[in-house]
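Trainee: Residue numbers (my numbering), protein chains in the order written: chain A, 1 to 306; chain B, 1 to 306; chain C, 1 to 265; chain D, 1 to 265.
Don't read these hints as lab results, they were simulated from the structure. The beta-carbon is built from N, C-alpha and C at its ideal position, and this holds for glycine as well. Fair warning: there could be bad hints in the mix.
Claimed, not checked - Listed next, the stretches of chain B that the computed footprint assigns to chain C, with coverage defined by at least 3 CB atoms under 8 Å from CB atoms of chain C:
(1) 32-40
(2) 68-78
(3) 272-286
Stated by the list, open to error - Each pair of labels, with its calculated beta carbon distance range:
(4) B/T105 <-> C/G35: 45 to 51 Å
(5) A/A39 <-> C/H165: 50 to 56 Å
(6) C/E145 <-> B/P121: 57 to 63 Å
(7) D/R87 <-> A/G302: 40 to 46 Å
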Amino acid sequence: MSAPDLSVRLPGLTLKNPVLTASGTFGYGLEFSVYGDLASLGGFVLKGMSLAPREGNPMPRVAETACGMLNAVGLQNVGAEAVIREKLPRLPWRETAVVANLYATSADEFGELAVLLAARPEIAALEVNISCPNVRHGGAAFGQDPEQAGLVTRAVKDRAGKTPVIVKLSPNVTDIAAIARAAADNGADMLSCINTLTGMAVDLERRTPRLANVFGGLSGPAIKPVALRCVHQVRRAVDLPVIGVGGIACARDVLEFILVGAHAVQIGTANFTRPDTAFRLPGEIAALMDKLGIQSLDELRGTLKA
Amino acid sequence: MSAPDLSVRLPGLTLKNPVLTASGTFGYGLEFSVYGDLASLGGFVLKGMSLAPREGNPMPRVAETACGMLNAVGLQNVGAEAVIREKLPRLPWRETAVVANLYATSADEFGELAVLLAARPEIAALEVNISCPNVRHGGAAFGQDPEQAGLVTRAVKDRAGKTPVIVKLSPNVTDIAAIARAAADNGADMLSCINTLTGMAVDLERRTPRLANVFGGLSGPAIKPVALRCVHQVRRAVDLPVIGVGGIACARDVLEFILVGAHAVQIGTANFTRPDTAFRLPGEIAALMDKLGIQSLDELRGTLKA
Amino acid sequence: MDRQRCRTLKVLENRPVGQSEPASRFFELVLEWPGWSRWTPGQFVMVRPDWGAELTWARPFSICRADERGLVVFYQVVGRGTERLARVAPGEEIAVWGPLGRGFAVEEDTPTLLLAGGIGVAPFVGYALAHPAPEKLHLVFGHREPLARYPFAAFPAPVAKENWHEQNPGDLQSFLARVREQVAAHAASGLVLACGPLPFLRAVQAMARDTGARAQISLENRMACGVGACLGCVTPDADGHRVQVCTHGPVFWSDAVNLDPEKPS
Amino acid sequence: MDRQRCRTLKVLENRPVGQSEPASRFFELVLEWPGWSRWTPGQFVMVRPDWGAELTWARPFSICRADERGLVVFYQVVGRGTERLARVAPGEEIAVWGPLGRGFAVEEDTPTLLLAGGIGVAPFVGYALAHPAPEKLHLVFGHREPLARYPFAAFPAPVAKENWHEQNPGDLQSFLARVREQVAAHAASGLVLACGPLPFLRAVQAMARDTGARAQISLENRMACGVGACLGCVTPDADGHRVQVCTHGPVFWSDAVNLDPEKPS
Ligand SMILES: Cc1cc2nc3c(=O)[nH]c(=O)nc-3n(C[C@H](O)[C@H](O)[C@H](O)COP(=O)(O)OP(=O)(O)OC[C@H]3O[C@@H](n4cnc5c(N)ncnc54)[C@H](O)[C@@H]3O)c2cc1C
Ligand SMILES: Cc1cc2nc3c(=O)[nH]c(=O)nc-3n(C[C@H](O)[C@H](O)[C@H](O)COP(=O)(O)OP(=O)(O)OC[C@H]3O[C@@H](n4cnc5c(N)ncnc54)[C@H](O)[C@@H]3O)c2cc1C
Ligand SMILES: Cc1cc2nc3c(=O)[nH]c(=O)nc-3n(C[C@H](O)[C@H](O)[C@H](O)COP(=O)(O)O)c2cc1C
Ligand SMILES: Cc1cc2nc3c(=O)[nH]c(=O)nc-3n(C[C@H](O)[C@H](O)[C@H](O)COP(=O)(O)O)c2cc1C
Ligand code: FES
Ligand code: FES
Numbered sequence: 001m002s003a004p005d006l007s008v009r010l011p012g013l014t015l016k017n018p019v020l021t022a023s024g025t026f027g028y029g030l031e032f033s034v035y036g037d038l039a040s041l042g043g044f045v046l047k048g049m050s051l052a053p054r055e056g057n058p059m060p061r062v063a064e065t066a067c068g069m070l071n072a073v074g075l076q077n078v079g080a081e082a083v084i085r086e087k088l089p090r091l092p093w094r095e096t097a098v099v100a101n102l103y104a105t106s107a108d109e110f111g112e113l114a115v116l117l118a119a120r121p122e123i124a125a126l127e128v129n130i131s132c133p134n135v136r137h138g139g140a141a142f143g144q145d146p147e148q149a150g151l152v153t154r155a156v157k158d159r160a161g162k163t164p165v166i167v168k169l170s171p172n173v174t175d176i177a178a179i180a181r182a183a184a185d186n187g188a189d190m191l192s193c194i195n196t197l198t199g200m201a202v203d204l205e206r207r208t209p210r211l212a213n214v215f216g217g218l219s220g221p222a223i224k225p226v227a228l229r230c231v232h233q234v235r236r237a238v239d240l241p242v243i244g245v246g247g248i249a250c251a252r253d254v255l256e257f258i259l260v261g262a263h264a265v266q267i268g269t270a271n272f273t274r275p276d277t278a279f280r281l282p283g284e285i286a287a288l289m290d291k292l293g294i295q296s297l298d299e300l301r302g303t304l305k306a
Numbered sequence: 001m002s003a004p005d006l007s008v009r010l011p012g013l014t015l016k017n018p019v020l021t022a023s024g025t026f027g028y029g030l031e032f033s034v035y036g037d038l039a040s041l042g043g044f045v046l047k048g049m050s051l052a053p054r055e056g057n058p059m060p061r062v063a064e065t066a067c068g069m070l071n072a073v074g075l076q077n078v079g080a081e082a083v084i085r086e087k088l089p090r091l092p093w094r095e096t097a098v099v100a101n102l103y104a105t106s107a108d109e110f111g112e113l114a115v116l117l118a119a120r121p122e123i124a125a126l127e128v129n130i131s132c133p134n135v136r137h138g139g140a141a142f143g144q145d146p147e148q149a150g151l152v153t154r155a156v157k158d159r160a161g162k163t164p165v166i167v168k169l170s171p172n173v174t175d176i177a178a179i180a181r182a183a184a185d186n187g188a189d190m191l192s193c194i195n196t197l198t199g200m201a202v203d204l205e206r207r208t209p210r211l212a213n214v215f216g217g218l219s220g221p222a223i224k225p226v227a228l229r230c231v232h233q234v235r236r237a238v239d240l241p242v243i244g245v246g247g248i249a250c251a252r253d254v255l256e257f258i259l260v261g262a263h264a265v266q267i268g269t270a271n272f273t274r275p276d277t278a279f280r281l282p283g284e285i286a287a288l289m290d291k292l293g294i295q296s297l298d299e300l301r302g303t304l305k306a
Numbered sequence: 001m002d003r004q005r006c007r008t009l010k011v012l013e014n015r016p017v018g019q020s021e022p023a024s025r026f027f028e029l030v031l032e033w034p035g036w037s038r039w040t041p042g043q044f045v046m047v048r049p050d051w052g053a054e055l056t057w058a059r060p061f062s063i064c065r066a067d068e069r070g071l072v073v074f075y076q077v078v079g080r081g082t083e084r085l086a087r088v089a090p091g092e093e094i095a096v097w098g099p100l101g102r103g104f105a106v107e108e109d110t111p112t113l114l115l116a117g118g119i120g121v122a123p124f125v126g127y128a129l130a131h132p133a134p135e136k137l138h139l140v141f142g143h144r145e146p147l148a149r150y151p152f153a154a155f156p157a158p159v160a161k162e163n164w165h166e167q168n169p170g171d172l173q174s175f176l177a178r179v180r181e182q183v184a185a186h187a188a189s190g191l192v193l194a195c196g197p198l199p200f201l202r203a204v205q206a207m208a209r210d211t212g213a214r215a216q217i218s219l220e221n222r223m224a225c226g227v228g229a230c231l232g233c234v235t236p237d238a239d240g241h242r243v244q245v246c247t248h249g250p251v252f253w254s255d256a257v258n259l260d261p262e263k264p265s
Numbered sequence: 001m002d003r004q005r006c007r008t009l010k011v012l013e014n015r016p017v018g019q020s021e022p023a024s025r026f027f028e029l030v031l032e033w034p035g036w037s038r039w040t041p042g043q044f045v046m047v048r049p050d051w052g053a054e055l056t057w058a059r060p061f062s063i064c065r066a067d068e069r070g071l072v073v074f075y076q077v078v079g080r081g082t083e084r085l086a087r088v089a090p091g092e093e094i095a096v097w098g099p100l101g102r103g104f105a106v107e108e109d110t111p112t113l114l115l116a117g118g119i120g121v122a123p124f125v126g127y128a129l130a131h132p133a134p135e136k137l138h139l140v141f142g143h144r145e146p147l148a149r150y151p152f153a154a155f156p157a158p159v160a161k162e163n164w165h166e167q168n169p170g171d172l173q174s175f176l177a178r179v180r181e182q183v184a185a186h187a188a189s190g191l192v193l194a195c196g197p198l199p200f201l202r203a204v205q206a207m208a209r210d211t212g213a214r215a216q217i218s219l220e221n222r223m224a225c226g227v228g229a230c231l232g233c234v235t236p237d238a239d240g241h242r243v244q245v246c247t248h249g250p251v252f253w254s255d256a257v258n259l260d261p262e263k264p265s
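Chain A extracted, bound-state conformation (with noise of 0.2 Å):
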């Protein structure tokens, strides 16, 4: 049997395997270089940037929870301007696909971050963060209103040429599939789902909640069968590819985000378990679909029989 065929084709973007690391849990992929090839990855998305620079949430920011974490970094990033000017030249982006994910408090920022962002041959596309449980202007208000969502889609689209524009997804809602709709209506080439969920833990014996934000962003294992609900649903509802997100750390997990609709997938959380576990994937993904007589994602895509 030959090699197992990892390649996905999206809209003005081929990967040579679906293992993208998610925003904020890779860098800038530099601080992982030294433990795998990060050519050898699908792609990477960077830390959320924004116009400019952001110090972010006090300490502390990241607290353990049962199979899972809280964040609430709060978008701390050194500004899109520094970041194409000290990061990029160093990302090996002839590659692998290197996304930029953006984050702002008006439509008209973002547009901005587009325009800077859509210009660098660098970017291979651009994932508009509409979803951040951890700041207090913008971010998940954005994700929360279908109309919102659908007007930061619109700004980004219209400012980022043939760019592809994936629009990130909040499970934080009644509803995703109405803000999938927003988006895919105002001219999102893709859907990433799940960002984190609002969550909260606290410390009984000084009384205090364990980020100083008291609210958090829940990511991790916990977190996979709400994050394939989703993806379910988006699915469903919406006719763009979708990158599914959420508590996927092994090869099989990859593969049931592929079989619910997926087609590639970020991996968050799971980069702090091992810092080589992105790399690891690839490789992984490709022993289990020999295993389980899959020749290529396309043939396990959306066949969930449900």
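Assemble chains B, C and D with the ligands onto chain A, guided by the hints.
Mentor: For chains B, C and D with the ligands alone, kept in the frame of chain A given last:
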């Protein structure tokens, strides 16, 4: 130091301790009576009941997930009249609070159920399940729309006489505070939160959902951060006692919910990890309070510095 | 009532059976005696090592044997829970509740056919040991792994026993033909008891229906609580009502349950 | 680049130190040699036994010693992760990545003061063993548990060392007074290195400021990734920018970081 005071005063109801068990995870109490003394609990909530008997969803109905489980039982129950006839007479209701959990597909039906159950001396309170993700009609739909939630609450409250009414909230919403306010404005005496998160799991080899119903409700330690967050948000939004539910497994968990503002708690999935979990908790809570130098739950409740 | 039915028991032994390789999949677990006043073969226990919160449920296992020397469970490693169970060392403590459910009928004077598929042989060991007239018992055992991996030698001598090793295509058919022959032989005045994989139980159910034999089958539905509360383990009964396997079973009269797979709605 | 920096290493030893009771809280973990080409005392490793998914993160530990015989970590059991780590048996494999972060300055000709609080003594063992002129080192060690539980005897003989056992109220003050005295003594031409609980580091930072001593302190912020990616471990630097302790530290010049607790916004 004297034994800590575990009692909880609720509208129309005093509990000897904050430990209730959650609907659907403790049968009719009787299933657990060989594992402990039912009368030693603060109370227990009966399996959700409807007017007519229901056979629930087909198999498989449960799946294990990371630090949690999915269920899609679909409210199988023998119907309210059979419960009243066959189960209530066998329960130690003079010694502990027996709470009826109500499910219906319309506000009128909810009202009818309320009439039946509120008339029973065995029943200490009614819990209105407007948050079940596992049934096609009603269920979560009522819990995801403030107006519907208000109507159902009103229908039950109007027919419940002196029996206190607890409205059980769903976490599968954009704004849980809005639902909480709707319930409060329409006469709810207390709120319980949370019911399960909608999730999904799949069998890669068979290419099928792991639940015949496709979607199910996620419960267990995995969801504790979401439950704590919801209790915190709801307590800040309305001035009603809240019963915390979601992933509670040990005395520390219980006190964390009290710290965030809950009056009492319900133990769900943890009843499955060991059938004597709930029975052991009151003693373990007292021991932990002792260790922390807390004399009464009132002293701890809602004292989170946030 | 015995309010101590959920106990923390010390592991006395936990070792691979019938093989020496580290990759063993068959284990015998011996726990300290839980002090039960009574149990019936075919009943089961829920077992939960102190494995933390990642695996939510305890795991159900048939009682293989139980006497003053200890409670014995015989298990096969098939997934995450049994893998972790296999790593538990003697001296560690694990939570156990039971005996649970309804066991097999014991009829002293009735020729009784024991039909076991694979690890389904486990409860019949205790059944045979506790039976007042083991010479009335006839075991027909079908297995895929070498015989030494199963507790086949543990049956008392008076039991008539035969084993069918499925190694080649066609072996399964020979085994089922033998089962059919024996079910027919026990149809008039005997009792048939079966434990094994679901397709095997379906076959036995059909044979019992065809021959009119009185038969009991033991189901292994997935269980979260083991005590009748979660309604996760239900099976449709003959009237189409969904009943809990953990409390109404796991042993049912074969005409009392509907084993056809339910269609997802 | 060495692309093998995340390794699965075999546990050679993992045993309680300085006591025989089972309830031991201090352990020495020896792992097979990871084959590093280079490391600096004060650097750390992330350690993750094969404990399943319930505990999400690996745990950071200072490198206590590292040479061809193995990688040695010295740890105190304080929570769920270290409890599970303490149960790992020799022969098991655990994931380790490192060496991580920036270690302590080594200045051959400079009298160097090592200030250790409790388990914070761990990295100084390797520091002293690797130092080209151990006779220039002076260790002041404050501890609450009996001395035998810490790797105090492991320091090479030329190191001047003194220990302060905090048993009674007031002992802490005597210890801090001695620390202040020694910091002052090293202010003019020495180097001060400190590792221990945060309040202790704050005190050392203040003393260095007051006396003008050149000092480095090692921070132990909570870490999820250890590689600079999660931004969970940040601390404000002197300019108020939040920098990752795992990559910019864990060892900082004491005037380069702001240790005042941040106010929740
Ligand atoms: C009443 C009863 C008695 C049993 N007696 C024995 C016994 O004596 N010896 C023994 O080895 N096993 C017995 N089993 C089966 C045993 O409970 C399962 O093999 C075990 O729970 C699997 O746990 P796991 O975590 O290793 O597998 P999982 O990781 O949970 O699953 C691994 C695989 O096994 C399947 N599986 C898991 N649980 C069950 C189940 N309950 N029924 C059918 N398939 C399942 C899954 O679908 C999956 O394919 C019994 C089951 C029941 C209900
Ligand atoms: C760079 C670095 C080097 C370290 N070196 C050592 C060492 O050599 N030996 C050693 O014993 N310990 C060392 N630590 C601390 C060690 O990492 C923690 O004790 C450990 O992670 C606790 O894990 P746990 O799961 O047992 O505790 P948890 O269950 O996670 O927490 C238990 C308690 O410890 C506190 N805690 C947990 N992690 C940390 C942390 N990173 N910093 C401060 N408090 C924490 C929690 O707030 C809680 O009160 C080091 C930490 C860092 C960042
Ligand atoms: C520490 C941390 C930081 C994150 N930062 C971002 C971010 O900047 N932008 C974004 O869109 N998502 C961010 N996320 C969300 C992840 O990209 C991902 O959607 C989420 O963690 C769920 O995936 P997982 O369960 O695999 O971690 C962050 C997550 C974590 C844990
Ligand atoms: C098997 C099962 C059945 C349930 N049935 C009901 C029900 O009938 N009515 C209801 O309001 N909630 C039901 N629930 C939800 C629980 O009462 C509880 O809200 C939820 O499980 C979260 O708590 P936990 O994490 O402690 O389990 C059920 C949960 C489970 C696991
Ligand atoms: S296992 Fe819970 S009802 Fe049978
Ligand atoms: S631990 Fe992740 S950035 Fe430092």
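Trainee: For every hint, state whether the structure bears it out.
Mentor: Structure-based check of each hint:
no. : hint                          : verdict
1   : 32-40                         : holds (count 6)
2   : 68-78                         : holds (count 5)
3   : 272-286                       : holds (count 5)
4   : B/T105 <-> C/G35: 45 to 51 Å  : holds, 48 Å
5   : A/A39 <-> C/H165: 50 to 56 Å  : holds, 52 Å
6   : C/E145 <-> B/P121: 57 to 63 Å : holds, 59 Å
7   : D/R87 <-> A/G302: 40 to 46 Å  : holds, 43 Å
Hint compliance for this structure: every hint is met.
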